[in-house]
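Here the structure of chain W is known, so what remains is to put chain D in place on it, guided by the hints.
2 protein chains.
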Amino acid sequence: MSVSLSAVSDPPFFTVQAQDPHTAARAGLLRTTHGSVTTPIFMPVGTQATVKTVTPDELKECGAQIILSNTYHLALRPGAERVAELGGLHTFMGWDRPILTDSGGFQVFSLGHLRRVTDEGVAFRSHIDGAALFFTPERVIQLEEWLGADIIMPLDECLGFPMTEQAARVAAARTLRWAERSLAATTRADQTLFGIVQGGVYPQLRRECAREMAALPFLGHSIGGLSIGEDKATMHAMITEVVPLLPPERPRYLMGVGAPEDLWEGVARGVDMFDVVLPTRIARNGALLTRRGRLNIRNSMHASSRAPIEQGCPCYTCQRFTLAYLHHLFRAEELLAYRLATLHNLRFMLDLAAEIRASILAGCFSAARDEFLASYRPTDQGVRDQQKEKWLARRATRPPASASDATRPDDQELDDRTGD
Amino acid sequence: MSVSLSAVSDPPFFTVQAQDPHTAARAGLLRTTHGSVTTPIFMPVGTQATVKTVTPDELKECGAQIILSNTYHLALRPGAERVAELGGLHTFMGWDRPILTDSGGFQVFSLGHLRRVTDEGVAFRSHIDGAALFFTPERVIQLEEWLGADIIMPLDECLGFPMTEQAARVAAARTLRWAERSLAATTRADQTLFGIVQGGVYPQLRRECAREMAALPFLGHSIGGLSIGEDKATMHAMITEVVPLLPPERPRYLMGVGAPEDLWEGVARGVDMFDVVLPTRIARNGALLTRRGRLNIRNSMHASSRAPIEQGCPCYTCQRFTLAYLHHLFRAEELLAYRLATLHNLRFMLDLAAEIRASILAGCFSAARDEFLASYRPTDQGVRDQQKEKWLARRATRPPASASDATRPDDQELDDRTGD
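Residue numbers (my numbering), protein chains in the order written: chain W, 4 to 423; chain D, 4 to 423.
Hints are computed from structural coordinates only; laboratory data are not their basis.
In this text the structure is predicted, and so the values were computed from the model without any measurement.
It cannot be assumed that every hint is accurate.
It does not matter which identical chain is meant; a pair holds if it fits inside one copy or across any two.
[Unchecked claim] Below, simulated SDA-like cross-link-like pairs (lysine to any residue); rule was C-alpha separation at most 25 Å, straight line:
id: 1; residue 1: Lys63; residue 2: Arg309
id: 2; residue 1: Lys63; residue 2: Gly97
id: 3; residue 1: Lys63; residue 2: Ala134
id: 4; residue 1: Lys63; residue 2: Gln322
id: 5; residue 1: Lys63; residue 2: Pro311
id: 6; residue 1: Lys63; residue 2: Tyr319
id: 7; residue 1: Lys63; residue 2: Thr237
id: 8; residue 1: Lys235; residue 2: Ala290
id: 9; residue 1: Lys235; residue 2: Gln322
id: 10; residue 1: Lys63; residue 2: Thr94
id: 11; residue 1: Lys235; residue 2: Gly315
id: 12; residue 1: Lys63; residue 2: Leu32
id: 13; residue 1: Lys235; residue 2: Ser369
Chain W on its own, in the form it takes in the complex (with noise of 0.2 Å):
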């Protein structure tokens, strides 16, 4: 049997199992080499080859099914044809389960010094030892070849916010000639690549990406640019405007999004698949997610505390620690902290979507996001924005040897796409 025979025989890339009445809402099966994945679905995000603090039996003990890496850390370190002789990035780190590689489009585009982009593609130099680097969307797909991830994504120009149309509308072009040169390149028949709509903040530009990529043979679709700093009603409006444009038999990935309200405003208007290192890198600040909002760990009157973090929560760190000796391991920045709240986060995380496909199943989606929602107080926006705002002002006087944000336990929570 052919490779292509077989792409039409067995079992479609992914299934929808139900469809919300009342919403855009759906639950569905992806299928890949290394097993399937329920959606809709949260993915942790381990950008150098580790969702950080936890193990691979600790992702799978915390429901995990599929992962994210990262194209653009592994390239530069320790080196995508590496991975590939230590025998691919599955066996590389241990997980054994469906792995997400993004191209680094946006990694090169927020990390990268020096950028120069071209149609032909994007030069720009190494955050971590300044190295002259060159991205094509063909070099990108050998990369992630050579990774051997399950889900791929191609090439794309990223932008910052604010953009102008003019921008947004180059960018997205760009983007689209980039897609059709990255399916071109593919050769692998046991990797699946997304197709990636950009366009901005403008309706318009996302609905004429939206249409175009529908048209390529892609069998999944990403949703990348947002998340960026425009504000959440903007963000919302974007994914309106996109998923009715795409087949309703691919999937849809929003990229870079994924906090527990972004996950049934998602949910609702139709996508499948979220992944963000918030919850990991809030984490390692002291932030745990519960029903009723984030809870701040280094808070004193925590200190006494012999309740978990929330009742009920069946997170190996609930199970065995209480406020008080969290709240002891934060104050004395002991490693084993960071650990016990990434383990924490990821459970609420993953067992939230496992609670929206659960209640698209049962029917009841749009009552259970209003209940959810009823309780759940999210960060105040004023308080992101401060946070943003210092956090761009550090690494802006940080030196580029040390610019790798992902591998300190103090980093803020934001820029949230850059890495985990």
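Relative to chain W, chain D alone:
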């Protein structure tokens, strides 16, 4: 049955199970409220109520039977009385096996600021916030009763190296008077207080101190004030002076000593218990223990190796991950690196203690020691001295508020007694 009667009629605190015919090595069993401990034993150090980077479950998986914690550190943060309110140290940190607390004497003398010693006790300032504190033998017993460890140490006067014979004489005499006051101050029948032998590097002083401690009603003895800068021959000589004067039916604990070669040499001289932060601290620096000596995982020779740290090692890290992956994690400064290295080094030390015990029970201790030492290459003393100088120079320039040396993964290995 009264407490004093039960102490007589219950199984003894310590039983010698086997005695090597050619050396002073012996195998034994310690009985505590939280279970038994086989000796010789290596005790992982959990200074701040956590063995850095690992959970209690992982400690058990590594084979840990008893761990250490530190009265000085816990009294400063979160406070010993708070730990008592939270159910005691076992409950607080989620460890249900035996715990030994050091009195904090060593830390007062190495970390405390503006120290002033009198016969009454020692006044000093907290290394965390500069708060004025006063430790007396009675106060330390009170703190340790609040913490609730199974085995506790009395306050002792610890000198730096080198020290004059006169200073060592004064400190040993004071330590002896404090030992008597500590015995008188204890109120809990479920804790066992050890007496600490001091005396510096002076054989006559060591013998006098050992004889006087042996005459007091302790159920176990510590040998303190060693591995603080003297050479190994001197350390061995001091152990050889002290051990024969201690009652054979009481366990002997060599404080702050426990490199692989030290375990064999200490056991050969009659020591039963060891603790040192070395295996966990060097793990966080990327130094991994093997049967041939230490391996530096950051070395580029490991970048492409699919081998484990050591063939046949049953530790979690060696069962799951390659040298190449560990090398990548260390180069990328990923937090998971520090845990995986710690798990390996702890397992190495705990398996080594078990191997030593088995060799005593099998009657082949000397042959087993010779075989181990023939292939194990200890770190060169010159390298250790250089590292120590660098570390001390860095400490000297560090402000008091960040002097908590034990909380950073990049600490050098030395000053192994201040905590981990």
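Okay, the hints, checked on the actual structure:
1. Lys63 <-> Arg309: between (27 Å within a copy, 24 Å between copies)
2. Lys63 <-> Gly97: Both: 12 Å inside a copy, 23 Å across copies.
3. Lys63 <-> Ala134: Neither: 36 Å inside a copy, 45 Å across copies.
4. Lys63 <-> Gln322: Answer is both; intra-copy 16 Å and inter-copy 17 Å each pass.
5. Lys63 <-> Pro311: both (22 Å within a copy, 23 Å between copies)
6. Lys63 <-> Tyr319: Cα proximity of lysine 63 and tyrosine 319: in one copy and across copies (12 Å, 16 Å).
7. Lys63 <-> Thr237: Neither way: lysine 63 and threonine 237 sit 35 Å apart in one copy and 51 Å across, limit 25 Å.
8. Lys235 <-> Ala290: within (21 Å within a copy, 47 Å between copies)
9. Lys235 <-> Gln322: Neither way: lysine 235 and glutamine 322 sit 35 Å apart in one copy and 45 Å across, limit 25 Å.
10. Lys63 <-> Thr94: Intra 16 Å, inter 27 Å, cutoff 25 Å: intra-copy only.
11. Lys235 <-> Gly315: Neither way: lysine 235 and glycine 315 sit 31 Å apart in one copy and 54 Å across, limit 25 Å.
12. Lys63 <-> Leu32: Within. Shortest intra-copy distance 18 Å satisfies the 25 Å Cα cut-off; inter-copy 39 Å does not.
13. Lys235 <-> Ser369: within (19 Å within a copy, 72 Å between copies)
The structure fails hints 3, 7, 9, 11 (numbered hints given earlier, in ascending order).
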